[in-house]
Amino acid sequence: MSAAPLAAADLLVVDGVTCRFGGVTAVNEVSFAVGRGELFGLIGPNGAGKTTLFNLITGLTAPSGGHLRYRGEDITGLPPHRVAERGIARTFQNVRLFGELSALDNVMIARHVRTRSGLVSGVLGLGAARREEHETRERAAALLALVGLDARSEERARNLAYGDQRRLEIARALALEPELLLLDEPAAGMNAGEKRALSDLIRSVRARLSLTVLLIEHYVPLVMHLCDRIAVLNFGQLIALGPPAEVQKHPAVVEAYLGDST
Amino acid sequence: MASFLATYDFLLVSMVLAAVLALTLYLPLMAGQLSVASPGFYALGGYIAAIMSTRIFPPGPGLYPVSLVLLEMAVAAVVSGVLGLAVGVPALRLRGIFLALATIAFVQILGVVALNLDVTGGAIGIFGIPQPFSSAIQYMWLAVPLLVVSMLFVARLERTRTGRALVALREDELAAAAMGINPTYHKVLAFTTSAVLAGAVGAVSAHFINTWNSRQGTFDTSVNLMAFVLVGGSRTFVGPVVGGLVLTALPEALRGIAGVDVLPAWLAAFLRDGRLIIFGILIAIGTVFFPHGLITPGLLRRLGRRGARPG
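Chains A and B are the protein sequences, given in the same order.
In this text, residue positions in the first sequence follow the working numbering: the first is 1, and each later residue adds one.
In this text, residue positions in the second sequence follow the working numbering: the first is 1001, and each later residue adds one.
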């Protein structure tokens, strides 16, 4: 796969990114570009490097080589909080909520980069800080309502059902007001009805908040149904990239991943 | 009442100051960082007050002005804050037990420095620190406001953007960072705030104890503070405050119980002389059976609900 073309509309450009852990090459010179407003799927068998790629984009892991550009700016090797500040939010494959805290607190925490008040102004609760606190609460409550958790806002995150926890993670990620949202297997552990609801949620949220979404998903029908374009990883390498219908027929993909489901 | 205050004046003030010190351990713990550095800043604050009041402001006739004590507290707080920042930036790159070890080392280093400098009076320390009050109980005028302000500060902090960022780091540092929270900045902020408060407490304590030397604010104090937080509770600021108050009073309470006539002689002797053993047993039992301490957020919620219920 050669370097992806650099169009002006590209929000995220992954350019020859490699990640090695000791002798294992988890991601091997992967290049692609995600256009503004696109719903971009990332699929591949277990251990293909999908989550590693997410970790590279969000700064949790530093790449061994290659570059990441976001809105034309080089974000390679930035620490996670700097990446988040720039408008990239994510969820985690194995849900990482703040378990002891309420659902509402989980979402309020993620308003961090969109709020300003510091130690002193916050503690004194002066005019601006007080207004900001109020707004943070309102917005967090609205996001909980958006994902259908408004009735459970005071529930501790760890006590929520698994599907609810996944939706709470999406609400928390949305609280950053991201332009790019990375969803790592959001439908894992959900039943068919929940998966359909999730698919509708992702679609409506993307339209309403003009989001660009990068989605890792094992559940192939969801990806095929939802995504504009799909990239397929296998053993750390990008083996196919294109619209769902095209990717589905790609011989390498059929062999590596979809072979048993066609 | 008057005789109670006269008998226990020293103990009551010690209890309040211990509660504030327990809060200095709680602040970094809010961000999940076990730092036992505050006795070091406490010692530093004490030396600053001792040196300022004995060398810089020569004691005149009568009582030492309270305004100068407040000035010493401010200086101690600022100096501790600056040192806290200088120590915190490198130290808070360490995690878990390594941070605890580094802060123990910090406290030891400060102790050795104090023991060997001329300005701190070497092994003898600084004595005859002037008194702003005519009786020990009047130190409550400084200690109680300090405790109330610290408690209000921490209580408010838990409900602000910064406080939420600290708690998020405690819950899951990686997820917090992915939500845009700068881990190092917030850990250093909590550590430095703790240092500021510990320095101020040290300044009051130096006057209160009347003498200051390298036996103040040692590793023993670190262990006591940890016990306050562990027994009291580490998930809400009420825990350390209660732990500090109760555990400081406990030895005296045991001594009082030992004085009751009906007790057999051996038990009275044990309560009187074995109170450190009892103290240790309580800490052990507390940490085994109440891992989050006696006062937990859940307990406070239940109490609040009961209080709010009409009738």
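Hints in this document: simulated from the structure, not taken from any laboratory.
Be careful, since some hints might not be right.
Covered, in the sense of this in silico footprint (three residues per stretch, anywhere, with C-beta under 8 Å from a C-beta of chain B), are these stretches of chain A [stated by the list, open to error]: (1) 17-30; (2) 69-81; (3) 103-111; (4) 131-145.
Facing chain B, a subset of chain A residues (Cβ under 7 Å, in silico) [to be verified]: (5) Thr-58; (6) Ala-84; (7) Val-120; (8) Gly-122; (9) Val-123; (10) Ser-199; (11) Asp-200; (12) Ser-204.
Remember, predicted model here, so these are calculated numbers, not experimental data.
Cβ coordinates follow ideal geometry from the N, Cα and C atoms, glycine included.
Hint by hint, here is what the structure shows:
Only residues whose C-beta sits within less than 8 Å of a C-beta in chain B count toward coverage, and the stretch 17-30 of chain A has 0 of them, not enough to reach three; the restraint is violated. By the rule of at least three residues with a Cβ nearer than 8 Å to a Cβ of chain B, the coverage given for the stretch 69-81 of chain A holds, with 3 such residues. Here's how the stretch 103-111 of chain A fares: 5 of its residues keep a CB closer than 8 Å to some CB of chain B, so the rule of at least three is met and the hint holds. Coverage of the stretch 131-145 of chain A by chain B holds [criterion: at least 3 residues with CB-CB distance below 8 Å; count 3].
A hinted interface residue such as Thr-58/A counts as satisfied when its beta carbon comes closer than 7 Å to some beta carbon of chain B; here the least separation is about 6 Å, so the hint holds. The restraint placing Ala-84/A at the interface with chain B holds, with a minimum CB-CB distance near 4 Å, inside the 7 Å limit. At about 9 Å, the closest approach between the beta carbon of Val-120/A and any beta carbon in chain B exceeds 7 Å, and the interface hint on this residue is violated. For Gly-122/A, the interface hint holds, the least distance from its beta-carbon to any beta-carbon of chain B being 3 Å, beneath 7 Å.
Hint status for Val-123/A: holds, given a least beta-carbon distance of 4 Å to chain B, under 7 Å. Violation of the interface hint for Ser-199/A is found here, the shortest Cβ-Cβ separation to chain B being roughly 24 Å, above the 7 Å cut-off. A cut of 7 Å between beta carbons decides the hint on Asp-200/A: the least distance to chain B is about 25 Å, and the hint is violated. Annotation: Ser-204/A was flagged as interfacial toward chain B, and the flag is violated, the nearest CB pair being 23 Å apart, outside 7 Å.
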